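With the hints as a guide, bring the two chains together.
Sequence lines, in order, name chains A and E. All residue numbers for the first sequence refer to our numbering, where the first residue is 1 and numbers rise by one. All residue numbers for the second sequence refer to our numbering, where the first residue is 1 and numbers rise by one.
If you are wondering where the hints come from, they were derived from the structure by calculation, not from laboratory data. Quantities reported herein were computed from a predicted structural model and do not represent experimental measurements. A couple of the hints might just be wrong.
[Unchecked claim] In the DSSO-like style, the derived pairs of lysine-lysine whose C-alpha atoms are separated by at most 30 Å in a straight line are:
hint, chain 1, residue 1, chain 2, residue 2
1, E, Lys84, A, Lys65
2, E, Lys84, A, Lys8
3, A, Lys65, A, Lys8
4, E, Lys84, A, Lys101
5, E, Lys84, A, Lys20
In case you want the letters, here they are:
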Amino acid sequence: MAFLTIEKLVKTFGAQTTVKGIDLAVERGEFVTLLGPSGCGKTTILRMIAGFETATSGTIRIDGKDVTNLRPNQRHIGMVFQAYALFPNMSVADNIAFGLKVARKPSAEIAARVKEMLELIKLPDLGDRYPYQLSGGQQQRVALARALAVKPQILLLDEPLSALDAKIRISLREEIRAVQRALGITTIFVTHDQEEALSMSDRICVINEGNIEQLGTPFEIYNYPKTRFVASFVGTLNILNGRVLDSTSGRLSIDDQEVITARGIGGASTGDTLALALRPEALSIGHANGGSNNLTGTIDEVHFLGSVVRIRVRFKDNIVSLDTFNRPHSAPPERGQPVTVNFTREDILVLDRPTI
Amino acid sequence: MKESRLFPWLGVIFGATYFLVPLIATFEFSLRMERGRYSFEAYRIVLADPYFQASFGYSAVIAVCTILVGIALSVPTAYVVQLKLPRLRPVVEFITLLPLVIPAIVIVFGYLRMYNSSSWLPLTSSARGTDLLLTFSYVTLALPYMYRSVDTGLRAIDVRTLTEAAQSLGSSWPRILLTVILPNVRVAVLSGAFLTFAIVIGEFTMASLLNRPAFGPYLQRIGANRAYEPAALAIIAFAITWACMGLINLFAAMGRQTQRR
Ligand SMILES: Nc1ncnc2c1ncn2[C@@H]1O[C@H](COP(=O)(O)OP(=O)(O)OP(=O)(O)O)[C@@H](O)[C@H]1O
Ligand SMILES: [Mg+2]
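Just chain E, same shape as in the assembly (with noise of 0.2 Å):
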């Protein structure tokens, strides 16, 4: 008995070993910035950085905008191909798995090429059209995710029967869309958005490519030319993903109380 369960706590043991020592050094080392004791004082240079905030602030709007553009594109797709195109279901699985395999400096050369200032559709020759690139290359990034929670989300509800229930009550498709449909996948919605946040937070390929100040290219520049600020943000932005999965699992969790079947 005791035996049986020595190997998987040795597992475990060593797997948060694995994650957890980069990460106390990591955050040692981002507190000794001054020398001789530790303090905030990276953190606070960090979070004082006018740069830091307009970064942030920044990847946190287009974040936003990818989320709604995400699910403006999901949630309809995924709910008619469960009604009424099953048989599609493995194409445009293939499909939404696509950004996973493609690397992103591929999709995001292939954009420039698509949308540079010659083209017909010139969306890099200004800001704001570079902007909307950059959030439609975010959706595109984090499809697998979006799709995937929303499309198991309805498969937890009886898409079918709720659909023709509302439709027999005189009721047209937008409004099923929105006040059947969304209300009753909320949760995973919102899992996805959470997934979708850090995913946008963080990038830096297509950001940078872009260039667009996001937070990714803003990491990586402190990262070339500074030495306690790179580890205090690393920090940050660790405890910014924690955050979002937080979040995910506190949403599920409500879920799963208002919604038990």
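Only chain A is shown next, with the shape it has when bound in the complex (with noise of 0.2 Å):
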């Protein structure tokens, strides 16, 4: 059995149902995100989990324990917030010691673990600091100290990086998957940032007006999106009409020009007009031969990001975004050009297939 398992878990607000049901397995060790856009009640089941909202209905399991209806300073979580919700009276030591003196620890033990949590953050010497000589990250990561220095059962991190600004944020979330690693203790991790979702976690749970819409790891996430709301809300998406020519060997129309899909519209019929989905790195720009798919249009935009350069391409009616490296001794192509985009059959992605 998991170590964390959530059952038909239920959370009311007065009239409105914020959670509306979820099942959720979380194996030991592992690090689950639970990824949403906001308010889709992300905070509310980590809330539950911690035991500072009561579940309307449904059970939480933690290692075969119902804890369901445990008050939050029994269940053994560590909590990492937001608003970093350091002790601003207390030193970086006596933040990180406080739980070890709830659990009436030694003093000698308390300082050696308080030690070997400082060290752990790559903070060695800041321990007599007060908060406010902290920098955020320095304070997200003396908060995640102090919530592991108890050595709890299951991490949970509410958007802990948010507040930081993005080069910070990008080194601590690898310093918080590192850390998480070395203590192999499961957790489950918040963010509504998809890229900091997809690069952190096992596996990413996307929730969408209470409901799990998508579990699975990035990789499936990412690339075999189940649900539309899955598929935009996870990296860029282009998404395209196209109209059905042939249901079995699945050959559609965009904007006249015929391309063929390898992924099943089993349902459809003739002259339906189906969503579909381009990621913007399958496309390339080029006429390409061997069974892929080349449309032919415009050059509608180009923006350069940097290392990357962003181009969209208008066909007739549909648009989209495609991304090519930036190469200094190539300069990139100019609006109004006429271009060729390829990719593959098995890239496009079938996004509302009718119901048979």
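Spelled out as structure tokens, the structure:
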């Protein structure tokens, strides 16, 4: 049985149901991210696991033990908040020692553990500082150390990086992941940043309006989104309308140009219009042979983003964005220029398949 | 440019005159006890008066008790209101403001009816009991100030997140209040405490009606019977109040330094 098991978890606030019956099983040592737009209920789910919110119905089990009705201070859960939430009146060392003191550990053990945690977060010399003397990134690392010092069963992080600037965010997410791996602690991470979710997680749980849309590895979520919501929320996506020419062979027409998809469109009949999706990185410029799809259009817009150049191509009614690498020795294409875009048959995702 | 600055300055000068002239006049008068020259004779007499020492000491002790009871009442209340019952805030604020609206004399007559020697809780039948009643009346009187400053202090910190962080680390409610919340509203509590002190030291109505040997009635008695000493006492009382204000500012400044957020 999984280490953390959530069954049919529901939370209602007054007339509004925020979490609508969630089932989730997290293995010991796994890093699972709850990803979803603002207001979808991520924080509420996390707070129910922590015990700050009582579940309207459903059960939460940790290591086989039902904790649904335990108080937060009985659950052995470490929590890191978006607002750093260090105790402003205590030094860094006292912050980290707080949970150990509550647990009445002997002072020698506390001192050793504090030192160990300070080294783990790579701030060995800052034990005497106060929170206001630390940068945001350092504060968040101390918050992580404080949560981990008591050896919790589960670590919960609610958007711990969203208050930090971009550079720190990236280095800290690697650091959090490294610490998590080193300790092998079961972790639930909440974010609305898909890049964060993709780069950190063992598995991602995409949530929309209180329901799980899809649960899977970053690879599965990104490459094989099961719903239109997942496809559009995770990654940048080009959505095009295609008309079915022949459903058995997968022939479609996009703005009167023919393409073929390798993904089944079984239920559709000739003449149906389907929503198709193409990832920007699946597209490349130029004509390709060997069964690839080619579409000709004109260049609509060119955005220079540094290492990547994002180009927008218009066919007739449909527009796609695609990324090419910046090459210092060849200038990017210009607006209005005709261009051919190619992609493989596997790259077309069919989002709306008519039900059979 | 020059003209626009003239009027604010006139305002300041007018205000300063309004406050300072009587103060300076009182001070000057308090120095004239000995004929023909300035001296601190009136101050010497006042400070040497055993009644002064006794009544001031009594009021100071009552003030400290008032502060302790006030903190024990305001901090948990404001905390719970902020954390769990935000919808009750207007009600609680209204209640804490009542002592400003209801005259002290009305409150104390109410107390005398409730707790007189023939009531179910005869607090006034012993001196200690009356001291207790006086302390509680002062808590009521100082409540608007104490509650307000504690509430403001709590609003300046992220009470919910700090509480939850402590809770997830295994902490119990009393421990959260004592080790996490109280130290972080220290400055607010202190300023409430000094305001309470200043109020209690100068209070007359309640102490007089409950017939306790407090500083306020002493001031009144001296004022009615002597010429120069009341002026000296007024200046002393004024200095105490200002010292309290100064301490509030000092602690507030220190607090800003150590709790920059
Ligand atoms: N205590 C509460 N009382 C009433 N409604 C609440 C409460 N907490 C959350 N909600 C509602 O539940 C919904 C989900 O909130 P939640 O905080 O879980 O979203 P979230 O996914 O964490 O969003 P974000 O990314 O903005 O943090 C919101 O519509 C919110 O208004
Ligand atoms: Mg949230």
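Against which earlier hints does the structure fall short, listed by number upward?
none
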